[in-house]
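Protein chains: 4
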Amino acid sequence: MAAINAANEGSLPSYGGDGYTAGLQARLAELFETAVSVYPVATGTAANALAIAQISPPYGGVYCYEGAHVVTDECGAPGFFAGGVSLLGLPAADGKIAAAQLAAAIEHANSMGVHHVKPAALTLTQATEWGTVYSCAEVQALAAVAKAHGLPVHMDGARFANALESLGCSPAEATWKSGIDVLSLGATKNGALCAEAVVFFNPGLAADFERRRKQSGHLWSKLRFLSAQLLAYLEPHVWLANAAQANATAAAMAAGLKALPGARLLQSVDANEIFVALPETVVQGLERQGFGFYRWPAPGVGAAVSIRLVTSYLTTHADVDDFVLAATQIASRS
Amino acid sequence: MAAINAANEGSLPSYGGDGYTAGLQARLAELFETAVSVYPVATGTAANALAIAQISPPYGGVYCYEGAHVVTDECGAPGFFAGGVSLLGLPAADGKIAAAQLAAAIEHANSMGVHHVKPAALTLTQATEWGTVYSCAEVQALAAVAKAHGLPVHMDGARFANALESLGCSPAEATWKSGIDVLSLGATKNGALCAEAVVFFNPGLAADFERRRKQSGHLWSKLRFLSAQLLAYLEPHVWLANAAQANATAAAMAAGLKALPGARLLQSVDANEIFVALPETVVQGLERQGFGFYRWPAPGVGAAVSIRLVTSYLTTHADVDDFVLAATQIASRS
Amino acid sequence: MAAINAANEGSLPSYGGDGYTAGLQARLAELFETAVSVYPVATGTAANALAIAQISPPYGGVYCYEGAHVVTDECGAPGFFAGGVSLLGLPAADGKIAAAQLAAAIEHANSMGVHHVKPAALTLTQATEWGTVYSCAEVQALAAVAKAHGLPVHMDGARFANALESLGCSPAEATWKSGIDVLSLGATKNGALCAEAVVFFNPGLAADFERRRKQSGHLWSKLRFLSAQLLAYLEPHVWLANAAQANATAAAMAAGLKALPGARLLQSVDANEIFVALPETVVQGLERQGFGFYRWPAPGVGAAVSIRLVTSYLTTHADVDDFVLAATQIASRS
Amino acid sequence: MAAINAANEGSLPSYGGDGYTAGLQARLAELFETAVSVYPVATGTAANALAIAQISPPYGGVYCYEGAHVVTDECGAPGFFAGGVSLLGLPAADGKIAAAQLAAAIEHANSMGVHHVKPAALTLTQATEWGTVYSCAEVQALAAVAKAHGLPVHMDGARFANALESLGCSPAEATWKSGIDVLSLGATKNGALCAEAVVFFNPGLAADFERRRKQSGHLWSKLRFLSAQLLAYLEPHVWLANAAQANATAAAMAAGLKALPGARLLQSVDANEIFVALPETVVQGLERQGFGFYRWPAPGVGAAVSIRLVTSYLTTHADVDDFVLAATQIASRS
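Protein chains in written order, with numbering that gives the first Met the number 0: chain G, 0 to 333; chain U, 0 to 333; chain E, 0 to 333; chain V, 0 to 333.
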């Protein structure tokens, strides 16, 4: 917020010809230890769909997890931006697709010839939709398969900071050193007002991206307000600290809930999301007390109810304790 | 062929203002016992994709069987024609989705709100990709769910004649009387040179379809050559006789193969396609003798090999006997 | 800015389920004296292109001034959003197309049948690209022609406040009472950080617009930051006062420049833009002194140079005096 | 027709894996004296729009004559196929744009930056919409400008045979030796049933074109029926003889009409179209006698009426004599 206020002082060149946007480019190059092309946009949907349109033709297919955010939560944005591109979803119990799956799918497509969409790109969500995190080795194995067939690799990093914090590696290792060509770097879910950035590590892939952003209405005339947010966000005491806080409280929440009678964690809690099955009475009790979370259908939970809990940079350990205590009390009463 | 030759005589108005096209409209109205709007095109991909674009907006989702021809074999045509529309594939072991599945999927979509594509249409393949045929009751149940949610229903009738022959009902009962709003009526697979037709039973749905066809390059200046083919094709002794021949030889083939040691029919043979699992040695032997068919991966066949056989109006019972005899001899030798 | 800061306090429902967005809807209904459907977005390109996609099919043509912003400055956004829609530009020396032109163009299109795109919509820029303003009578005449042929009417109101201030009529009279169905209400050029709104006066036209916005990546998760800006902007002492200031300084600038030897105003200065032809030496002198403006090619200026000057809510009469004085001094020296 | 009948014999591989399609490729390579990639399709709209989509991105602009067939007669097909591409029409009294015009337009676009669509391609119609023919030198000059800015060049050759016959040069000189990268080779207007071909002289430009054709529904399963038509058409005694007949009768028609009192040829008659202004009474008289032609509005004809006459391979000199005689008699009576 303070960053936006500062950017509001005085009058500056429009459409990105300002110091903030140049500064962001430099900051990200330093952070990722390589030259990058950076394009701030206001929403994660725009970042993902623009990136996918950049790397796949209309007759292309983009491999992804079948429950990926781009498939289920963006109202068909990739298809719209990329002129009818197909998302080719692969199953994965924990949200992480495997290199062998990808290889088999590409081989099948190639055997079908012109009737099948052309294998065109791979997109991975990091952290995943199930709160898990791909290891660098897993990303490398997937990217190796993709590259062997000429497919560029995109990472949907709506929760990239949480994943990075979880991996404990450098931003470079988590991305281009593991084979990522273009990253949707999310900030909105981790504290920004409205700011995401499409970051190209492979400069050849960014050709004309500026016009693609403009044609889709995502070039701000006062772009400095986006860039300033991202610059402020990328200070270590902001983005990494925020993510660390969210991950730590998620881990505490998972530990607390796991101990409840009848509770079962459905996924490894690698970042800031917890998927847990609880007895119906416990879920109802928590809902009645006004706690906010989604019921999240998952296979194999039987009579229990599966829910999704998301922690954020604003979540405190006291919040976690309150929630676990409430759940414990409800469970003991029922 | 003779029909095209006849249409080649003399000089006639272009772009459909000819007697053949008007005649086709009248012939189909008679055949389907209702007023129809008919648009001939040259390929099944065009027919399906134009029909889907007509009934779904770019932000829509079209429910279908996950292995439907529109999903797997048209190189993303529906997404291209409909500006990014999503095909929402539902699983079905025999290629036939069930009304309850559809209802659950629509309810899930509605619960997701604006993030999910809008439930927009239903498309059914008849006969299906697995050689099975929806009964009229099954179509009615699916259409009832669709209509309860305001979704129009399309039928991909690339093998419509085979399905009709199998059902033994009238064209009207197989379509609009069971809730179908628009039909891709295929002729190419059943004898025509290159002719399909998009048939609207619901005139309101056909608004501006003429321009949609033109904009996609599918309006022929010499449209009479398409219409004349379809008119000739729709003579009972052509389309129904062709389909009857194909279905009968398929049934004979199924009966013959079922008796082989180690053989197992994978699907009910309702039309002119047979999916059968055979021992690897038998399949190899048939391939070595030059019989043409595809190996067709299917689940649960173990060490056997699943193949797809398709009969046509040109297939004779002697052809079937030859194939079955060859298979029997190979099996007995191994 | 203060409005955004206030909206930053506390935690609120996302995707528009907040009080700010509801308040904006109510505020605009009051302002326009009718029920409206309002959709905030971040850029004018998005507002225009989404509105056009909503009212024209891919095979449609949208009539506009041939030099309209949507034609020349949005990198093809309408064609992209509307799946290939054609913009049908009509000539106009002052940026204002005439009702008779529109009528002739639609009649020509209709005479061409299916080969021509379908006349689908009309879009007017208010104030225009040449700093002129359509009178309400002019808008009414154009809208009457459009409606007689079933075409909805869009207004690109990037400079709507300036036009309104110039017209001296009510917002209702300037829009729906004159036949406008949907308005791109601009705020960014008149003081907001990044905020435009698509305003539907015809509720039937807004169906599913929410999903169209989402699919194109223009639905903000923290939508309150847009709505809050617009709410603050629409206070009379902000938007109208800002526009009045810009228009008044433009008028003063025009009066001052007109008096210069060799100067000629190229267009009526109705809002906050001045197109003026000046001697080359004067233009060069002003450039050398660091004044910021564009050389703007215009027909019929001979040896003179035409430039575009834009005043804003930040422009003061002192600024104008400085500019005119500088121009006068340069002119007198040369 | 005979060619299609021949292609109907026996059973052949589908989707182009047949001898006819390979033969066509070889025949065109020989004819054009270079390696080519050839893709038969059924309509000129498909050929043009697919070619344009192949050489321009959605955010691109394609330069053309403002009255080009792709602009006025294809219902927005290029925009649809190329995801919103803009056609940038340049004025030209005789349908032929000039190299200097093109250079100025590209320079203007480049000065506008990201707000303007990207100069992406050039498309020329040969023969033009006004019956004129670009000389090879004119094509070369235009292509040189295009190439200097990195733009590939497409030729809409719906009347290519007529142009070739008029130029008296080789097919190679008329196309790639003059800078054409991709040609829509028309046959339907010059005798074929329904057959056009997209011919790439620059193999690098044809990458993935096969899938683009498939995704748009323009890949025929029985492709041999298109290829066979084209093979038969491209025999010198067919395509060139047909064009020669049409051109010769057009020249005779022009000579005959020019001599009428009050008649004025509006354009040079280079191929098989005549644009002529005649007295209203003469036009009415001809219409009353049942001659088929279009009234074709043209500037500067005063009280006269401009019409378009098109000759074809079926037009005889007797037909021409009849028409001219009738016009002469009507003129002498009035």
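It should be emphasised that the hints constitute simulated quantities derived from the structure, not laboratory data. Even for Gly, the Cβ is constructed at its ideal location relative to N, Cα and C. Do not take every clue at face value.
[Claimed, not checked] With the C-beta cut set under 8 Å, the calculated list includes, among others, these residues of chain G facing chain E:
#1 S110
#2 H114
#3 K146
#4 R210
#5 K221
[To be verified] Take a look, some chain E residues computed to stay more than 12 Å from chain V by CB distance:
#6 G18
#7 P56
#8 G59
#9 L87
#10 A205
#11 V237
#12 A250
Each hint tested on the structure:
Look at S110 (chain G): its Cβ only gets to about 32 Å from chain E, farther than 8 Å, so that hint breaks. Annotation: interface hint on H114 (chain G) violated; nearest CB of chain E at approximately 24 Å, more than 8 Å. A least Cβ separation of about 28 Å between K146 (chain G) and chain E goes past the 8 Å threshold, and the interface hint is therefore violated. For R210 (chain G), the interface hint holds, since its Cβ comes within 8 Å of a Cβ in chain E; the closest pair sits about 5 Å apart.
Given the 8 Å rule on beta carbons, the hint for K221 (chain G) holds: about 6 Å separates it from the nearest Cβ of chain E. Non-interface status of G18 (chain E) relative to chain V is upheld: no Cβ of that chain comes within 12 Å, the nearest being about 36 Å off. Chain V draws P56 (chain E) into its interface by the beta-carbon criterion, the shortest separation being 10 Å against a cut-off of 12 Å. At the 12 Å boundary, the C-beta of G59 (chain E) falls inside the reach of chain V, the nearest C-beta of that chain being 8 Å off.
The non-interface label for L87 (chain E) is inconsistent with chain V: the shortest C-beta to C-beta separation is roughly 10 Å, within 12 Å. Here A205 (chain E) stays apart from chain V, with its beta-carbon at least about 23 Å from theirs, past the 12 Å limit. Here V237 (chain E) stays apart from chain V, with its beta-carbon at least about 27 Å from theirs, past the 12 Å limit. Annotated as non-interface, A250 (chain E) keeps its C-beta farther than 12 Å from every C-beta of chain V; the closest such distance is 28 Å.
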